[in-house]
Amino acid sequence: METGLIAIGAGLAVGLAALATGYAQARIGAAAMGLIAEKPELAGRAILLVAIPETLVILGFAVAAMIIVLL
Amino acid sequence: MLVPMTKVRILGRRSSADAVLGELHQLGVVELADAPSAHSLEGLRGAEMRSTRSEELAAALAQVEKLLSGIPDRPRPADAVEPLRRPLDVPALRETLGALTVRVEDIRRRLDALRDERLVLPTYLEPLRSLLSLVPVLARLDVEQLRQIGLATVVIVLNTDDERLVEALRAELVAELGNRFELGSTRVDQGATGCLVVIPVESADMVRSVLDGSAIRNVSLPERFGGLALNATVEAMHRRLDEIPSEISDAEAERRSVLLAHADWLDACHTAIVAELELLSAAGELATTQRAFVAEGWMPRAQVDHLKEELDRRLGATVVVEDTLTSPYDPQAPVLMHNLRLSRPFQPLVGFLELPRAGSVDPTLLMTILLPLMFGAMVGDVGYGALLFVLAAFAGRKLRSRAADTPEIASLVRVLLFGAGWSVFFGVLYGEVFGDLGTRMFGDWALWHERPSAVALQPLLLFAVALGAAHVGLGLGLGAWQAIRFREYRVLLDKVGAILALAGLLGLAGWTMGGLPAGAVAPAVGVTAVGLVLVMSLHGSLGIATGALDLLGRIGNILSYLRIAAVGLASAHLANVANELGSVGPIWLGIFVATFFHALNLALAAFSPMIQSLRLQYVEFFGAFFVGGGRPFTPFGQHHTREIQSTI
Numbered sequence: 002m003e004t005g006l007i008a009i010g011a012g013l014a015v016g017l018a019a020l021a022t023g024y025a026q027a028r029i030g031a032a033a034m035g036l037i038a039e040k041p042e043l044a045g046r047a048i049l050l051v052a053i054p055e056t057l058v059i060l061g062f063a064v065a066a067m068i069i070v071l072l
Numbered sequence: 007m008l009v010p011m012t013k014v015r016i017l018g019r020r021s022s023a024d025a026v027l028g029e030l031h032q033l034g035v036v037e038l039a040d041a042p043s044a045h046s047l048e049g050l051r052g053a054e055m056r057s058t059r060s061e062e063l064a065a066a067l068a069q070v071e072k073l074l075s076g077i078p079d080r081p082r083p084a085d086a087v088e089p090l091r092r093p094l095d096v097p098a099l100r101e102t103l104g105a106l107t108v109r110v111e112d113i114r115r116r117l118d119a120l121r122d123e124r125l126v127l128p129t130y131l132e133p134l135r136s137l138l139s140l141v142p143v144l145a146r147l148d149v150e151q152l153r154q155i156g157l158a159t160v161v162i163v164l165n166t167d168d169e170r171l172v173e174a175l176r177a178e179l180v181a182e183l184g185n186r187f188e189l190g191s192t193r194v195d196q197g198a199t200g201c202l203v204v205i206p207v208e209s210a211d212m213v214r215s216v217l218d219g220s221a222i223r224n225v226s227l228p229e230r231f232g233g234l235a236l237n238a239t240v241e242a243m244h245r246r247l248d249e250i251p252s253e254i255s256d257a258e259a260e261r262r263s264v265l266l267a268h269a270d271w272l273d274a275c276h277t278a279i280v281a282e283l284e285l286l287s288a289a290g291e292l293a294t295t296q297r298a299f300v301a302e303g304w305m306p307r308a309q310v311d312h313l314k315e316e317l318d319r320r321l322g323a324t325v326v327v328e329d330t331l332t333s334p335y336d337p338q339a340p341v342l343m344h345n346l347r348l349s350r351p352f353q354p355l356v357g358f359l360e361l362p363r364a365g366s367v368d369p370t371l372l373m374t375i376l377l378p379l380m381f382g383a384m385v386g387d388v389g390y391g392a393l394l395f396v397l398a399a400f401a402g403r404k405l406r407s408r409a410a411d412t413p414e415i416a417s418l419v420r421v422l423l424f425g426a427g428w429s430v431f432f433g434v435l436y437g438e439v440f441g442d443l444g445t446r447m448f449g450d451w452a453l454w455h456e457r458p459s460a461v462a463l464q465p466l467l468l469f470a471v472a473l474g475a476a477h478v479g480l481g482l483g484l485g486a487w488q489a490i491r492f493r494e495y496r497v498l499l500d501k502v503g504a505i506l507a508l509a510g511l512l513g514l515a516g517w518t519m520g521g522l523p524a525g526a527v528a529p530a531v532g533v534t535a536v537g538l539v540l541v542m543s544l545h546g547s548l549g550i551a552t553g554a555l556d557l558l559g560r561i562g563n564i565l566s567y568l569r570i571a572a573v574g575l576a577s578a579h580l581a582n583v584a585n586e587l588g589s590v591g592p593i594w595l596g597i598f599v600a601t602f603f604h605a606l607n608l609a610l611a612a613f614s615p616m617i618q619s620l621r622l623q624y625v626e627f628f629g630a631f632f633v634g635g636g637r638p639f640t641p642f643g644q645h646h647t648r649e650i651q652s653t654i
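Protein sequences, first through last, are from chains Y and G. Under our numbering, the letters of the first sequence match residues 2 to 72, in that order. Under our numbering, the letters of the second sequence match residues 7 to 654, in that order.
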């Protein structure tokens, strides 16, 4: 029972963070594509901006890993 | 590294200005700057004449480029193309170009007509073919034979399959001709109806004019099929459709051969026109007095003596070159990157984000080491690494001829080569060959830990965080060193504060994990406090909040390196799933399923870790020190002397 709850907690930590990342990347990605269409020379910065919210899911992964390792 | 640049001033007799420009163009080491504005002097005389000449040359260049665009895949000449004599005789050049253009345009028009005919003929053919069966006897008679028996035929296509429209047509014909006509109709494809009207020959013109005035599409056959019987028309159209492709190929071959015969001359024209346009444009950058001229420009500091010697040798003592001894950190200076041959594929990746500011740190060499290392730490599989190496080597060979057009892609392929090597290295550490296939076959042979195992999670996370701390710390250190060079002492204190605070926090984390003794706590707390106060004090009145947030951002940056563990774990688990699925069921099915999943994982391994490691460089690492805003060094006449960059 306890192991199952730990697994659910870890899954939620990653899953919810991934949802948030996806939401943010969708918004930023759409704007970035518009930017690249108008100013292709800014593609590097656009990709950078799209990649930034990924930290959220990585932090979710860190929390999930801590839940599994420490509990 | 960034090549140190300096601004040179070139002075000489006004009469030698053209000669100096010509030599500078040949040498291709100076990027000219706007001297008239800088010194409040007049420009070189003859601006209007130069402008007219530039317009003429630009028009000729457009013609040349249009002609060359017709043979994009032309073979490159084995020998250097004979240069055209300058100054160019533009009217004669345009006359020759005009004659060539007319010839090529004639062929193009012929090609367009053939292509149009190929598209249009089926739209006639389909209704005609459908109508043949309605009047099998009349279909064999040509127009003259029909006239002799007092008949004429009209073919009509209705853009609908609605029978009521056929009845409306019949009613209209009844109103005009009474019952002296025959109307047959049949449905053809795409919702159209073909109609054939047989009428007395004397009523033909009247009926055609009635139909022209109505909303009905009246098919009038192309001229070459006029006067034929319906049967013969259909056969002739079929024959024509068979002939058209070979006529198109012949016309294309003719156009290509005409252009290829002139390709070398067109290349020479292109080179000569571009060179003269550059010279005309550069003349506007020169400032003049009554007797002298002044040119200014940026160039690599190491090349100044060479420039002096060359101008002295070619023009004698009439020209003087002065080094203005500009500061190497002058933000106005253009940027020229020059790195080891091994690092050059990484240069476009740095420039892809932004060029570093003149005098700042060029991170190319560090990227050469760290980007593939992080890629390899994520993939971490001997099998995938070896396959990626082979694929990257193959792609590199294929892309070699187009590397100049797509430098970023060519660079990524080379980076993939390095990354594949590191993947094999980390694969040996993790003991992974296509996931746990190696372990299944040879037992546990990992030098460190197989990633999906329970015992590996904690060390893997610690490894990722340690790598992140080292990388971010290195970035902050570079930022501090750069701040000293730029004499930006507030930035220096900010970087030092961040380094101290992070070092203290890492010390505390080490003590929490049991890696450091209790005696380390007090120094760690002290260092953290000093660093935090330093950072906060530099952020003004809101420093307590913004300084702390800044530090939190740095910690987030370090934790961001956990993606090395996360992406790697996901890849390793997917490989194990492929092996697990492959071991279920018959062996042939297992091999198929395992190959499919490993191929999928390999595709992900080539893409995702590359994006993630690039992001770690651009955001976490560059964010600690990188100062962008540099503009590329574009020496005057560089298309003659592209190799200059590699000789500096």
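Calculated directly from the structure, the hints in this document are not laboratory data. Treat the hints with care, as some may be off.
Chain Y regions said to be covered by chain G (calculated; three or more residues, Cβ under 8 Å) [said to hold, decoys possible]:
1. 20 to 26
2. 49 to 56
3. 59 to 72
Treat the numbers as computed from the prediction; the structure is a model and nothing was measured. Each residue gets a CB set at the ideal place from its N, CA and C atoms; glycine is no exception.
We went through each hint and held it up to the structure:
no.	hint	verdict
1	20 to 26	violated (count 0)
2	49 to 56	holds (count 5)
3	59 to 72	holds (count 7)
In summary, the structure is inconsistent with hint 1 from the numbered list given earlier, while agreeing with all the others.
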